[in-house]
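> For the record, in the sequence shown the residue sitting at position 74 is 104 according to the numbering used here, with numbers rising by one throughout.
In the DSBU-like style, the derived pairs of lysine-lysine whose C-alpha atoms are separated by at most 30 Å in a straight line are:
(1) Lys899 with Lys798
(2) Lys668 with Lys753
(3) Lys741 with Lys753
(4) Lys899 with Lys288
(5) Lys288 with Lys798
(6) Lys324 with Lys401
(7) Lys746 with Lys702
(8) Lys324 with Lys288
(9) Lys899 with Lys702
(10) Lys741 with Lys779
(11) Lys899 with Lys674
(12) Lys741 with Lys702
(13) Lys702 with Lys779
(14) Lys674 with Lys624
(15) Lys753 with Lys702
(16) Lys624 with Lys668
(17) Lys476 with Lys401
(18) Lys753 with Lys899
(19) Lys899 with Lys741
(20) Lys624 with Lys513
(21) Lys779 with Lys746
(22) Lys674 with Lys324
(23) Lys798 with Lys746
(24) Lys746 with Lys899
So the derived label-pair ranges between C-beta atoms look like this:
(25) Gly881 with Gln80: 18 to 26 Å
(26) Asp205 with Thr801: 50 to 58 Å
(27) Glu788 with Asn73: 35 to 43 Å
(28) Glu775 with Lys746: 17 to 25 Å
(29) Lys624 with His519: 17 to 25 Å
(30) His449 with Tyr322: 41 to 49 Å
(31) Asp326 with Pro250: 26 to 34 Å
Please keep in mind that the hints were generated in silico from the structure rather than gathered at the bench. Since this is a predicted model, take the numbers as computed values, not measurements. Note that CB positions come from ideal geometry on N, CA and C, so glycine has one too.
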Amino acid sequence: MDGAGMGSLPDLSILRGDAVPAPAGAQLLHRLLEEVAASPSANQPAVLYQGHRMSFAELDAAASRLARALVRMVRVGSAGGNGANPDGDVLVAVRLPPSDRLLVTLLAIMKAGGAYLPVDVAFPVDRVRHILAEAQPAIVVSDAPDPELFHGTLATTYAELEAEAADLSGAPLTDQDGLLADPCLALVLYTSGSTGVPKGVRLPHAVVLNRLRWQWRQFPFGADEVLCVFKTALTFVDSVPEVWGPLLQHRALLVLDKQVTADTERLIEALEENRVERLVLVPSLLRAMLLYLKMDTERHARPSPLLSRLRLWVCSGESLATSLAQEFFAHFAGVGLDGHCLCNFYGSTEVMGDVTFHVLRSAADLQGLDKVPIGRPLDNTLVYLLDEHFRPALAGQPGELFAAGRNLAAGYVAGRDPHRFLNNPLAVHPDYARLYRTGDFARVHKGTLVFEGRTDSQVKVRGHRVDLSELEAALARVDGVDKGVVLCHRPGEEDQAVLAFTTLREGCSLTAGQVEAALGRALPPYAVPQVLCVEWIPLLVNGKVDRQALLRSYAESYSSLRPDYSGAPDGLAEAARVLLDTVADVLGSSVRVKVCLARSFYELGGNSLNSVLTVTRLREQGFFISVSDFIGAESLAKVLERMKPSEADASLLAESLQPSTFRAEVLSDADKADVYAMITDSFLQKADLEHWLMPHVSPSDYSELMDQIWKPLLEKELSFVVKDETGAAVACALTFDAHDEPPVEITSKLNIVFEFLEYIEGPIRDTKLPTGRGQVLHSFMMATAATLTPSTNVLSMQFMEQEVLRIARSRNFAGVLTTNTSPLTQQLGRDVFGYQTLLDYQVNQYVGPDGSRPFGQAPDAQRAVVAWKPI
31 MDGAGMGSLP DLSILRGDAV PAPAGAQLLH RLLEEVAASP SANQPAVLYQ GHRMSFAELD
91 AAASRLARAL VRMVRVGSAG GNGANPDGDV LVAVRLPPSD RLLVTLLAIM KAGGAYLPVD
151 VAFPVDRVRH ILAEAQPAIV VSDAPDPELF HGTLATTYAE LEAEAADLSG APLTDQDGLL
211 ADPCLALVLY TSGSTGVPKG VRLPHAVVLN RLRWQWRQFP FGADEVLCVF KTALTFVDSV
271 PEVWGPLLQH RALLVLDKQV TADTERLIEA LEENRVERLV LVPSLLRAML LYLKMDTERH
331 ARPSPLLSRL RLWVCSGESL ATSLAQEFFA HFAGVGLDGH CLCNFYGSTE VMGDVTFHVL
391 RSAADLQGLD KVPIGRPLDN TLVYLLDEHF RPALAGQPGE LFAAGRNLAA GYVAGRDPHR
451 FLNNPLAVHP DYARLYRTGD FARVHKGTLV FEGRTDSQVK VRGHRVDLSE LEAALARVDG
511 VDKGVVLCHR PGEEDQAVLA FTTLREGCSL TAGQVEAALG RALPPYAVPQ VLCVEWIPLL
571 VNGKVDRQAL LRSYAESYSS LRPDYSGAPD GLAEAARVLL DTVADVLGSS VRVKVCLARS
631 FYELGGNSLN SVLTVTRLRE QGFFISVSDF IGAESLAKVL ERMKPSEADA SLLAESLQPS
691 TFRAEVLSDA DKADVYAMIT DSFLQKADLE HWLMPHVSPS DYSELMDQIW KPLLEKELSF
751 VVKDETGAAV ACALTFDAHD EPPVEITSKL NIVFEFLEYI EGPIRDTKLP TGRGQVLHSF
811 MMATAATLTP STNVLSMQFM EQEVLRIARS RNFAGVLTTN TSPLTQQLGR DVFGYQTLLD
871 YQVNQYVGPD GSRPFGQAPD AQRAVVAWKP I
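Produce the complete structure using the sequences and hints provided.
What follows is the structure, encoded as structure tokens:
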């Protein structure tokens with residue numbers, strides 16, 4: 031009996047999507063793009079990135095040239111072969127950040143007859159090495175050379191590939207020009223593996239196109255919908271329809287940097303500015319966006335509410351809570367908008383991201399629902415709910431979800447886990463001959479599917495599938511760990527937490543934070559669990575781990591750490607709730623004791639950076655307190671006393687009116703020893719850039735620098751030391767006229783830092799700011815004494831920023847230029863002193879003049895911010 035016959039039986043849990051034949055014509059993604067490039071849309075924008083526009087014709091020609099260069103490099107590197115791996119696939123690994131160059135590269139790979147294999151720049155070294163060893167790509171294309179990481183694999187940089195392609199033809203390649211004349215695969219994506227080892231999913235062109243054609247039919251682009259966004263990580267399957275869905279329908283694609291997508295406010299600004307009409311996102315991001323939209327509505331009376339044009343919102347990657355869906359419709363109804371559509375897509379990489387979908391068009395669609403359904407199958411797909419004997423479950427009964435049809439991947443790289451892809455005994459039609467075993471439970475309710483949970487140890491974290499057994503395997507490899515169990519507390523809920531219960535070997539003194547740091551070197555950032563060191567792992571009578579006992583113990587300890595609101599003075603109960611909730615939220619899992627009014631912020635685990643963040647968050651919720659008052663309070667009860675409802679024009683700069691125990695003195699020779707010591711100690715021990723050059727930077731390197739600039743610093747009288755009430759030097763600020771700085775010749779590794787700073791500052795200083803002497807005051811270096819407490823450190827930094835602004839005003843400078851690499855100074859500059867961000871640069875992307883990446887091991891979150899404060 032074929033799938034159509036089974037689908038007609040109302041008693042059984044078998045659902046069928048619409049049968050839609052593939053249209054005649056091209057069946058490869060790059061061939062369809064070539065048709066767009068040869069159409070009347072040829073000169074229309076295809077890709078927009080940081081102000082640069084590339085038309086469809088330019089995109090296609092650039093990709094064709096790059097494809098020819100790839101073919102040449104692979105054939106030379108494989109001694110005339112095509113670089114195919116044991117599966118018969120030609121894979122090209124791509125390790126590039128989001129940009130127009132990335133899209134050119136992806137298209138070029140397919141034109142060359144290959145399939146692209148994304149390798150995120152944030153992937154740990156061990157994960158990258160496993161992927162390259164198993165997938166055996168023909169070549170790696172990266173943004174910078176890394177011989178150690180790519181050892182044993184042919185590799186090139188985009189710049190080298192572009193240079194190789196410069197003189198080559200931009201005409202489309204024929205089938206015979208490519209590495210494979212008849213390519214099957216479009217891409218390979220690596221996901222978490224149930225054995226603790228990541229595995230690669232092989233996705234053919236035909237599978238991608240079945241998913242895209244359903245999308246175009248079900249959610250067609252509007253006549254005036256000309257621009258879509260590419261914001262999803264390339265290693266995540268949702269990026270595939272996000273990229274190729276618009277491009278193959280003659281729509282332009284706006285590429286967003288990671289720092290934009292990671293910042294809810296900047297993401298919303300980009301969507302609003304570019305009049306975007308559809309968005310794919312995980313529910314956790316939807317929740318964050320709704321919180322921001324609500325706050326914006328309360329603050330601003332806009333002629334048109336934010337994101338009024340963004341009508342199609344697609345949630346994928348995590349469970350969509352009914353309460354969140356209700357919030358979505360309540361918000362847009364509250365600002366007078368209707369017609370906003372919220373979709374819940376269900377699937378995994380093995381079924382091209384999505385295999386079922388459910389559409390919510392109003393709050394009325396949520397009536398009587400405990401869960402948002404995952405819906406019905408896509409075109410040309412079948413969904414079976416089967417019992418343990420592989421028999422269809424009766425309608426209404428839960429069963430394990432199996433999928434069949436044209437959305438199924440071609441299996442895993444190297445034939446891994448063949449038990450996940452099975453022959454389908456229930457169908458004879460070739461389109462439904464294979465089944466994918468999802469490992470999920472579901473049931474049919476009123477003709478639609480409702481998700482009922484997992485059958486194994488996989489969970490979703492920020493949209494990424496994470497296998498807890500993979501985390502346990504990584505935990506077992508940490509030196510000093512005896513036993514470890516990784517569990518998920520309240521999976522799918524807003525307060526979901528992935529926990530690693532760990533016992534340590536006798537004599538081991540590791541802390542939970544040190545174990546987490548070790549895991550961070552082996553796992554992607556989103557997959558690192560919260561480590562809890564315990565004395566023993568409880569067991570059941572059969573010898574298995576008592577998982578419920580561990581989760582109960584966490585729940586009890588977690589609830590005991592919830593804020594204690596008692597003790598608030600009369601009339602301040604609501605302010606106390608906001609304060610304690612904010613502190614608990616900012617400190618998160620670092621809180622190890624109960625948050626209450628009697629505790630100080632630093633006693634709870636606070637530090638310099640999150641003190642400023644807490645003050646900012648309080649302001650966002652309508653309560654003002656200066657940074658000085660906050661960090662100077664000996665308890666949260668004192669903070670509560672000093673908090674005041676924010677006025678419409680309240681500014682954190684108000685604290686500049688408060689008296690300070692510090693005083694500034696113009697730099698003199700008498701301060702030389704103190705200044706040298708503070709600069710050396712601060713930058714050698716705490717600097718964010720020098721950290722990645724250790725152990726090749728020494729104290730004498732700072733003396734070499736200071737010796738060359740000391741006399742000019744004294745002559746210009748723009749620099750100062752900060753002294754406390756006893757007369758001791760506690761901080762210093764070194765500043766120059768940006769257009770009158772002394773030449774410096776540095777022979778040490780410290781030169782790398784200054785080359786980098788000039789690389790990001792120079793173009794801005796020379797082209798975007800006032801020119802000539804006496805116009806731009808360059809806040810060059812600030813340092814504090816090593817003896818300062820965290821709170822005094824913040825106060826001294828704040829004092830120096832105020833003094834720099836005072837000097838700039840008194841000398842009639844147009845403004846102050848500074849580059850901050852510390853999160854603390856970045857936050858002070860942005861949120862307290864109102865500096866304008868001119869460049870937010872991810873430091874691990876920097877390529878030095880010698881072609882190396884000196885900060886390549888830095889995390890994506892480490893930024894260098896070039897900022898300007900007009901006077």
